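Counting from 1, one number per residue, gives the positions in the sequence shown under my numbering.
Think of the hints as simulated: they come from the structure by calculation, not from any bench.
It cannot be assumed that every hint is accurate.
Lysine to aspartate or glutamate pairs mimicking EDC-like chemistry, simulated, CA-CA at most 20 Å apart [unchecked claim]:
1. Lys200 <-> Glu188
2. Lys209 <-> Asp196
3. Lys185 <-> Glu291
4. Lys226 <-> Asp191
5. Lys89 <-> Asp60
6. Lys200 <-> Glu253
7. Lys89 <-> Asp324
8. Lys294 <-> Asp173
9. Lys285 <-> Asp191
10. Lys209 <-> Glu267
11. Lys226 <-> Glu27
12. Lys226 <-> Glu172
13. Lys226 <-> Glu34
14. Lys226 <-> Glu188
15. Lys294 <-> Asp268
16. Lys200 <-> Glu184
17. Lys200 <-> Asp173
18. Lys200 <-> Glu190
19. Lys209 <-> Glu27
20. Lys192 <-> Asp230
21. Lys294 <-> Glu267
22. Lys285 <-> Asp173
23. Lys285 <-> Glu267
24. Lys209 <-> Asp268
25. Lys294 <-> Glu253
26. Lys294 <-> Asp196
27. Lys226 <-> Glu184
28. Lys226 <-> Asp196
29. Lys192 <-> Glu203
For clarity, every value in this text was computed on a predicted model and none was experimentally measured.
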Amino acid sequence: MKRIVLSAMLAAMPLGVVHGADGAPREPYGIGLEGFAYPYPVSMLPLVDDGEPVRMAYMDVAAAAPNGRTVVLLHGRNFPSSYWAPVIKTLGGAGYRVVVPDQIGFGKSSKPAAELHFDTLARNTIALLDHLGIARADIVAHSLGGMLGVRIARAFPDRVAHLLLAAPIGLEDYRLYVPPTPTEKILENEDKLTADGYRKQLETNYSLKLPPEQVTPFIDARFNIKGASDYPRWLRAFVNSAQLIYREPVAHEIPLITQPTLFVMGEDDHNAPGRLNAPEALRAKMGRNAELAKALAARMPNAGAEVIPNTGHLVFLEAPQQFDGLMLGFLSR
(Lines of atoms letter the chains of each structure in order from A; the text may use other names.)
(Lines give C-alpha, C1' and ligand atoms only; values in the text may rest on other atoms or scores of the structure.)
Protein backbone atom coordinates (compact mmCIF):
# COMPACT_ATOMS: atom_id res chain seq x y z
CA MET A 1 0.00 0.00 0.00
CA LYS A 2 2.84 2.45 0.87
CA ARG A 3 4.46 1.86 -2.53
CA ILE A 4 1.18 2.64 -4.31
CA VAL A 5 0.57 5.80 -2.28
CA LEU A 6 4.12 7.07 -2.78
CA SER A 7 4.07 6.32 -6.52
CA ALA A 8 0.81 8.25 -6.82
CA MET A 9 2.31 11.15 -4.86
CA LEU A 10 5.36 11.31 -7.12
CA ALA A 11 3.25 11.02 -10.26
CA ALA A 12 1.14 13.96 -9.11
CA MET A 13 4.09 16.31 -8.56
CA PRO A 14 4.01 19.50 -10.68
CA LEU A 15 6.42 19.28 -13.60
CA GLY A 16 8.20 21.75 -15.83
CA VAL A 17 9.07 24.53 -13.35
CA VAL A 18 11.87 24.43 -10.79
CA HIS A 19 13.72 27.01 -8.72
CA GLY A 20 17.49 27.02 -8.60
CA ALA A 21 19.57 27.39 -5.49
CA ASP A 22 19.36 31.16 -6.05
CA GLY A 23 15.55 30.98 -5.91
CA ALA A 24 15.07 31.96 -9.56
CA PRO A 25 12.64 29.92 -11.71
CA ARG A 26 14.23 28.00 -14.57
CA GLU A 27 13.77 25.07 -16.92
CA PRO A 28 14.47 21.75 -15.20
CA TYR A 29 17.45 19.60 -16.06
CA GLY A 30 16.79 16.15 -17.45
CA ILE A 31 17.50 13.24 -15.13
CA GLY A 32 20.66 12.65 -17.16
CA LEU A 33 21.70 16.20 -16.16
CA GLU A 34 20.83 17.47 -19.62
CA GLY A 35 21.35 21.23 -19.34
CA PHE A 36 24.04 20.94 -16.64
CA ALA A 37 27.47 21.76 -18.07
CA TYR A 38 30.51 19.51 -17.63
CA PRO A 39 34.04 20.89 -18.01
CA TYR A 40 35.08 18.51 -20.83
CA PRO A 41 33.27 16.67 -23.64
CA VAL A 42 31.12 13.75 -22.50
CA SER A 43 30.91 10.43 -24.35
CA MET A 44 28.56 7.49 -23.79
CA LEU A 45 29.37 3.77 -23.52
CA PRO A 46 26.43 1.40 -24.12
CA LEU A 47 26.21 -1.39 -21.53
CA VAL A 48 23.71 -3.95 -20.28
CA ASP A 49 23.22 -4.21 -16.50
CA ASP A 50 20.97 -7.00 -15.21
CA GLY A 51 19.35 -7.30 -18.64
CA GLU A 52 18.63 -3.55 -18.87
CA PRO A 53 20.31 -1.48 -21.62
CA VAL A 54 22.07 1.52 -20.08
CA ARG A 55 24.58 4.18 -21.11
CA MET A 56 27.64 5.14 -19.08
CA ALA A 57 28.75 8.76 -19.42
CA TYR A 58 32.44 9.59 -19.19
CA MET A 59 35.04 12.24 -19.88
CA ASP A 60 38.35 11.15 -21.43
CA VAL A 61 40.86 13.97 -21.11
CA ALA A 62 44.26 13.75 -22.79
CA ALA A 63 47.41 15.28 -21.31
CA ALA A 64 49.30 17.92 -23.25
CA ALA A 65 52.57 16.04 -22.65
CA PRO A 66 51.54 12.41 -21.93
CA ASN A 67 53.57 10.32 -19.48
CA GLY A 68 51.90 7.10 -20.63
CA ARG A 69 49.78 6.65 -17.51
CA THR A 70 46.06 6.97 -16.86
CA VAL A 71 44.15 8.01 -13.75
CA VAL A 72 40.49 7.07 -13.25
CA LEU A 73 38.51 9.42 -11.01
CA LEU A 74 35.54 7.93 -9.13
CA HIS A 75 32.90 10.34 -7.83
CA GLY A 76 30.83 10.33 -4.65
CA ARG A 77 27.10 9.82 -4.25
CA ASN A 78 25.96 13.43 -3.99
CA PHE A 79 28.18 14.91 -6.68
CA PRO A 80 28.34 14.87 -10.49
CA SER A 81 31.74 13.93 -11.84
CA SER A 82 32.16 17.51 -13.07
CA TYR A 83 33.37 18.42 -9.56
CA TRP A 84 36.68 16.73 -10.42
CA ALA A 85 37.52 19.62 -12.81
CA PRO A 86 40.47 21.04 -10.78
CA VAL A 87 41.93 17.57 -10.20
CA ILE A 88 41.63 16.77 -13.91
CA LYS A 89 43.58 19.95 -14.69
CA THR A 90 46.29 19.08 -12.16
CA LEU A 91 46.69 15.52 -13.42
CA GLY A 92 46.65 16.56 -17.07
CA GLY A 93 49.34 19.12 -16.36
CA ALA A 94 51.46 16.36 -14.81
CA GLY A 95 51.15 14.19 -17.93
CA TYR A 96 48.31 11.85 -16.97
CA ARG A 97 45.43 10.86 -19.20
CA VAL A 98 42.32 11.23 -17.05
CA VAL A 99 39.17 9.12 -17.40
CA VAL A 100 36.17 10.35 -15.41
CA PRO A 101 33.02 8.21 -15.52
CA ASP A 102 29.59 8.88 -14.12
CA GLN A 103 28.63 5.53 -12.67
CA ILE A 104 25.32 4.03 -13.79
CA GLY A 105 22.64 5.65 -11.63
CA PHE A 106 24.53 8.94 -11.29
CA GLY A 107 25.23 12.16 -13.16
CA LYS A 108 24.72 11.98 -16.90
CA SER A 109 24.58 8.17 -16.98
CA SER A 110 21.38 6.11 -17.19
CA LYS A 111 19.16 5.75 -14.14
CA PRO A 112 18.30 2.03 -13.98
CA ALA A 113 15.13 0.60 -12.51
CA ALA A 114 17.05 -2.22 -10.81
CA GLU A 115 19.03 -2.05 -7.57
CA LEU A 116 22.65 -0.94 -7.68
CA HIS A 117 25.57 -3.22 -6.76
CA PHE A 118 29.27 -2.46 -6.35
CA ASP A 119 30.23 -5.54 -8.34
CA THR A 120 28.17 -4.30 -11.28
CA LEU A 121 29.64 -0.80 -11.07
CA ALA A 122 33.13 -2.32 -10.88
CA ARG A 123 32.51 -4.42 -13.99
CA ASN A 124 31.17 -1.36 -15.80
CA THR A 125 34.31 0.61 -14.96
CA ILE A 126 36.54 -2.19 -16.23
CA ALA A 127 34.39 -2.40 -19.38
CA LEU A 128 35.07 1.31 -19.91
CA LEU A 129 38.82 0.77 -19.55
CA ASP A 130 38.60 -2.13 -22.03
CA HIS A 131 36.66 0.09 -24.44
CA LEU A 132 39.37 2.76 -24.19
CA GLY A 133 42.23 0.25 -24.52
CA ILE A 134 43.61 0.90 -21.03
CA ALA A 135 45.19 -2.19 -19.49
CA ARG A 136 46.14 -0.68 -16.13
CA ALA A 137 45.30 2.57 -14.37
CA ASP A 138 45.68 4.46 -11.14
CA ILE A 139 42.45 5.16 -9.24
CA VAL A 140 41.64 8.31 -7.28
CA ALA A 141 38.29 7.90 -5.56
CA HIS A 142 36.16 10.11 -3.33
CA SER A 143 33.41 9.27 -0.82
CA LEU A 144 31.16 6.50 -2.22
CA GLY A 145 33.68 6.23 -5.05
CA GLY A 146 36.14 5.05 -2.42
CA MET A 147 33.95 2.05 -1.69
CA LEU A 148 33.80 1.32 -5.42
CA GLY A 149 37.58 1.77 -5.70
CA VAL A 150 38.05 -0.87 -3.01
CA ARG A 151 35.76 -3.26 -4.90
CA ILE A 152 37.65 -2.70 -8.16
CA ALA A 153 41.05 -3.17 -6.51
CA ARG A 154 39.90 -6.42 -4.91
CA ALA A 155 38.05 -7.86 -7.91
CA PHE A 156 40.47 -6.71 -10.62
CA PRO A 157 43.87 -6.35 -8.89
CA ASP A 158 45.88 -6.55 -12.11
CA ARG A 159 44.08 -3.48 -13.50
CA VAL A 160 44.92 -1.12 -10.62
CA ALA A 161 48.43 0.31 -10.10
CA HIS A 162 47.76 2.79 -7.26
CA LEU A 163 44.66 3.46 -5.18
CA LEU A 164 44.15 6.87 -3.59
CA LEU A 165 41.09 7.09 -1.34
CA ALA A 166 40.10 10.73 -0.83
CA ALA A 167 37.79 11.05 2.19
CA PRO A 168 36.18 7.69 1.46
CA ILE A 169 33.07 6.46 3.20
CA GLY A 170 32.71 2.79 4.07
CA LEU A 171 35.65 2.67 6.48
CA GLU A 172 33.23 1.08 8.95
CA ASP A 173 30.29 -1.29 8.54
CA TYR A 174 27.25 0.93 9.03
CA ARG A 175 25.05 -2.11 9.64
CA LEU A 176 26.67 -2.39 13.08
CA TYR A 177 25.07 0.92 14.08
CA VAL A 178 22.08 1.66 11.85
CA PRO A 179 18.96 -0.52 11.63
CA PRO A 180 17.74 -1.29 8.08
CA THR A 181 15.44 1.36 6.63
CA PRO A 182 12.76 0.48 4.05
CA THR A 183 13.38 1.93 0.61
CA GLU A 184 9.92 3.51 0.57
CA LYS A 185 10.71 5.45 3.73
CA ILE A 186 13.94 6.83 2.26
CA LEU A 187 12.08 7.77 -0.93
CA GLU A 188 9.53 9.69 1.09
CA ASN A 189 12.19 11.53 3.10
CA GLU A 190 14.29 12.42 0.06
CA ASP A 191 11.28 13.75 -1.82
CA LYS A 192 10.42 16.08 1.08
CA LEU A 193 13.91 17.59 1.15
CA THR A 194 14.19 21.21 0.00
CA ALA A 195 17.15 22.93 -1.65
CA ASP A 196 17.83 24.91 1.53
CA GLY A 197 17.56 21.75 3.62
CA TYR A 198 19.95 19.96 1.29
CA ARG A 199 22.49 22.78 1.54
CA LYS A 200 22.34 22.57 5.33
CA GLN A 201 22.62 18.78 5.13
CA LEU A 202 25.79 19.01 3.05
CA GLU A 203 27.28 21.68 5.32
CA THR A 204 26.57 19.61 8.44
CA ASN A 205 27.31 16.08 7.24
CA TYR A 206 30.42 17.03 5.29
CA SER A 207 31.82 19.80 7.53
CA LEU A 208 32.17 21.91 4.40
CA LYS A 209 34.75 24.67 4.33
CA LEU A 210 33.69 25.92 0.88
CA PRO A 211 32.09 29.30 0.13
CA PRO A 212 28.35 29.10 -0.71
CA GLU A 213 28.90 29.78 -4.42
CA GLN A 214 31.02 26.63 -4.71
CA VAL A 215 28.27 24.56 -3.12
CA THR A 216 25.48 25.96 -5.32
CA PRO A 217 26.23 23.74 -8.37
CA PHE A 218 25.73 20.66 -6.18
CA ILE A 219 22.37 22.03 -5.04
CA ASP A 220 21.38 22.76 -8.64
CA ALA A 221 22.41 19.31 -9.85
CA ARG A 222 20.21 17.76 -7.15
CA PHE A 223 17.14 19.98 -7.34
CA ASN A 224 16.86 21.34 -10.88
CA ILE A 225 15.72 17.90 -12.03
CA LYS A 226 12.62 17.86 -9.83
CA GLY A 227 10.50 19.26 -12.65
CA ALA A 228 11.58 16.57 -15.12
CA SER A 229 8.86 14.20 -16.29
CA ASP A 230 10.87 11.14 -15.25
CA TYR A 231 12.04 12.54 -11.92
CA PRO A 232 10.54 9.56 -10.01
CA ARG A 233 12.96 7.29 -11.88
CA TRP A 234 15.89 9.48 -10.83
CA LEU A 235 14.69 9.52 -7.24
CA ARG A 236 14.45 5.72 -7.16
CA ALA A 237 18.02 5.37 -8.46
CA PHE A 238 19.29 7.94 -5.95
CA VAL A 239 17.68 6.09 -3.06
CA ASN A 240 18.99 2.78 -4.38
CA SER A 241 22.50 4.25 -4.05
CA ALA A 242 21.83 4.90 -0.35
CA GLN A 243 20.82 1.28 0.12
CA LEU A 244 23.94 0.20 -1.80
CA ILE A 245 26.16 1.89 0.79
CA TYR A 246 24.32 0.20 3.65
CA ARG A 247 23.87 -3.28 2.20
CA GLU A 248 27.31 -3.80 0.64
CA PRO A 249 30.03 -2.82 3.13
CA VAL A 250 33.68 -2.94 2.04
CA ALA A 251 35.38 -2.18 5.38
CA HIS A 252 36.22 -5.86 5.86
CA GLU A 253 37.97 -5.99 2.46
CA ILE A 254 40.15 -2.90 2.80
CA PRO A 255 42.93 -4.60 4.81
CA LEU A 256 43.24 -7.20 2.03
CA ILE A 257 44.22 -4.66 -0.64
CA THR A 258 47.81 -5.23 -1.79
CA GLN A 259 48.26 -2.35 -4.25
CA PRO A 260 49.95 0.83 -2.99
CA THR A 261 47.17 2.71 -1.22
CA LEU A 262 46.93 6.19 0.26
CA PHE A 263 44.10 7.58 2.37
CA VAL A 264 43.82 11.37 2.22
CA MET A 265 41.44 12.49 4.94
CA GLY A 266 39.98 15.76 6.12
CA GLU A 267 40.58 16.18 9.84
CA ASP A 268 37.03 17.47 10.35
CA ASP A 269 35.29 14.90 8.13
CA HIS A 270 32.97 12.84 10.32
CA ASN A 271 30.53 11.84 7.59
CA ALA A 272 28.67 8.63 8.48
CA PRO A 273 25.72 7.72 6.23
CA GLY A 274 22.61 6.82 8.22
CA ARG A 275 23.87 8.26 11.50
CA LEU A 276 20.53 9.96 12.26
CA ASN A 277 18.80 6.58 12.05
CA ALA A 278 21.17 4.99 14.56
CA PRO A 279 20.31 4.71 18.27
CA GLU A 280 21.47 7.88 20.00
CA ALA A 281 23.95 5.96 22.15
CA LEU A 282 25.78 4.73 19.02
CA ARG A 283 25.87 7.91 16.94
CA ALA A 284 28.97 9.33 18.61
CA LYS A 285 30.90 6.19 17.73
CA MET A 286 30.31 6.65 14.00
CA GLY A 287 32.30 8.73 11.53
CA ARG A 288 35.72 8.78 13.17
CA ASN A 289 37.06 8.65 9.66
CA ALA A 290 40.62 9.92 10.08
CA GLU A 291 41.19 7.48 12.93
CA LEU A 292 39.64 4.65 10.95
CA ALA A 293 41.84 5.39 7.94
CA LYS A 294 45.01 5.34 10.02
CA ALA A 295 44.02 2.08 11.69
CA LEU A 296 43.19 0.42 8.38
CA ALA A 297 46.41 1.62 6.73
CA ALA A 298 48.41 0.09 9.59
CA ARG A 299 46.87 -3.29 8.82
CA MET A 300 47.62 -3.14 5.10
CA PRO A 301 50.86 -4.32 3.43
CA ASN A 302 51.47 -1.17 1.39
CA ALA A 303 49.39 1.74 2.64
CA GLY A 304 49.56 5.09 4.38
CA ALA A 305 47.19 7.76 5.65
CA GLU A 306 47.52 11.54 5.52
CA VAL A 307 45.18 13.87 7.42
CA ILE A 308 44.77 17.48 6.27
CA PRO A 309 43.92 19.86 9.16
CA ASN A 310 40.85 22.12 9.09
CA THR A 311 39.35 20.22 6.18
CA GLY A 312 36.06 18.40 5.72
CA HIS A 313 34.69 15.80 3.34
CA LEU A 314 35.42 17.59 0.05
CA VAL A 315 39.11 17.39 0.74
CA PHE A 316 40.37 17.96 -2.82
CA LEU A 317 38.27 21.13 -3.20
CA GLU A 318 38.81 22.50 0.31
CA ALA A 319 42.59 21.98 0.45
CA PRO A 320 43.62 21.75 -3.22
CA GLN A 321 47.32 22.52 -2.81
CA GLN A 322 47.86 19.98 -0.03
CA PHE A 323 45.75 17.39 -1.82
CA ASP A 324 47.47 17.85 -5.18
CA GLY A 325 50.89 17.55 -3.57
CA LEU A 326 49.98 14.35 -1.77
CA MET A 327 48.31 12.89 -4.86
CA LEU A 328 51.15 13.61 -7.31
CA GLY A 329 53.79 12.46 -4.83
CA PHE A 330 51.94 9.19 -4.24
CA LEU A 331 51.30 8.47 -7.92
CA SER A 332 54.93 9.14 -8.84
CA ARG A 333 56.29 6.47 -6.52
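Tested hints:
no., hint, in the structure
1, Lys200 <-> Glu188, "19 Å, holds"
2, Lys209 <-> Asp196, "17 Å, holds"
3, Lys185 <-> Glu291, "32 Å, violated"
4, Lys226 <-> Asp191, "9 Å, holds"
5, Lys89 <-> Asp60, "12 Å, holds"
6, Lys200 <-> Glu253, "33 Å, violated"
7, Lys89 <-> Asp324, "10 Å, holds"
8, Lys294 <-> Asp173, "16 Å, holds"
9, Lys285 <-> Asp191, "29 Å, violated"
10, Lys209 <-> Glu267, "12 Å, holds"
11, Lys226 <-> Glu27, "10 Å, holds"
12, Lys226 <-> Glu172, "33 Å, violated"
13, Lys226 <-> Glu34, "13 Å, holds"
14, Lys226 <-> Glu188, "14 Å, holds"
15, Lys294 <-> Asp268, "15 Å, holds"
16, Lys200 <-> Glu184, "23 Å, violated"
17, Lys200 <-> Asp173, "25 Å, violated"
18, Lys200 <-> Glu190, "14 Å, holds"
19, Lys209 <-> Glu27, "30 Å, violated"
20, Lys192 <-> Asp230, "17 Å, holds"
21, Lys294 <-> Glu267, "12 Å, holds"
22, Lys285 <-> Asp173, "12 Å, holds"
23, Lys285 <-> Glu267, "16 Å, holds"
24, Lys209 <-> Asp268, "10 Å, holds"
25, Lys294 <-> Glu253, "15 Å, holds"
26, Lys294 <-> Asp196, "35 Å, violated"
27, Lys226 <-> Glu184, "18 Å, holds"
28, Lys226 <-> Asp196, "14 Å, holds"
29, Lys192 <-> Glu203, "18 Å, holds"
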